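Q: Quick note on numbering: the numbering used here labels position 213 of the sequence shown as 196, and the sequence is numbered without any gaps.
Bear in mind the hints are in silico, worked out from the structure with no lab data behind them.
Among the hints, erroneous ones may be present.
Stated by the list, open to error - Here are the simulated lysine to aspartate or glutamate pairs, DMTMM-like style, with alpha carbons at most 25 angstroms apart:
1) 194 / 143
2) 116 / 66
3) 226 / 177
4) 27 / 85
5) 226 / 125
6) 165 / 192
7) 157 / 64
8) 40 / 71
9) 88 / 125
10) 129 / 161
11) 226 / 211
12) 99 / 45
13) 88 / 137
14) 46 / 69
15) 193 / 211
16) 53 / 26
17) 157 / 211
18) 157 / 137
19) 226 / 198
20) 46 / 26
21) 165 / 210
22) 49 / 220
23) 116 / 162
24) 193 / 137
25) 138 / 173
26) 94 / 125
27) 88 / 71
28) 30 / 60
29) 195 / 177
30) 129 / 71
31) 49 / 95
32) 129 / 177
33) 99 / 159
34) 157 / 192
35) 53 / 21
36) 99 / 161
37) 194 / 220
38) 94 / 66
39) 226 / 196
40) 40 / 54
What you are looking at is a predicted structure, and each value in this text was computed from that prediction instead of being measured.
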Amino acid sequence: MGSFGTRPAVAIPAADQRISYSEKMEEKRDTQNNKIDDEEMYDKLLKENPRNVEALKVVFHEKMRKGKTKEAVRYVERLIDVEPEEVEWRLLEALCYEMMGELNKAKRLFKEILAKRPLLIRALHGLAMVMHKNHEGPAVFEMLNKALCVACREKRVTEERNVRILIAQMHVVKGELEEGLKIFQILVDENPRDFRPYLCQGIIYSLLDKKKEAEEQFETYRSLVSEEFPQRGFLDDVVLAAKTSSRQQLDDEFKTEFSYKKQ
């Protein structure tokens, strides 16, 4: 699913509830101090070598973590200058401009990525979300259906399914929950071993306040997703959020959950 998350934080109980409050605070202070030391260290490295990719990555992610998106853009653009063929940096650049509300620029950047890789699902999702925020209505689905036609014509089975899942997700983002459910059910019928439609259906049923149906979908998701799956912890957070968030929080959560976790 897409790489730099923008979702709200989900509260998860600590692994060991016996840790005292003072110990937790001390650990938090140590972590914060380490991060400050790391940032200072990588800043020094960049003064010595402005093209140090690892240092640029660390500072970029720290700026994003702190919500300093405008500052982060400068670092991701330096990454692009050092590694112009790395699509990850271009995706993150577009995401930054989307987060800053510069939708036209974000749209142009996503389109530039898709001109070279027309079926890259993270770029398709980014463009769809920018168009949605721009109130472009049916044009969102026209764009996605064109990508779907390309995938079908080129017999790109994996990409075809990814685009169909994205189309269903965008129906949910637009509030068309029943249409989203219908598409996800077709996807389940076609491939019952893919956990993603069950996860999405669980979220939709949570939005509809149908807790029993939601839990059935989440149970199926849990039975299918491997413990070794790289994003397993993130996806379990999604399930927890679906069970504990308010309707508005969950609606906002769905709009960002699947954006930038890697496919």
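Q: Which earlier hints can't be squared with this structure?
A: 1, 2, 4, 5, 7, 12, 13, 15, 17, 18, 21, 24, 31, 33, 36
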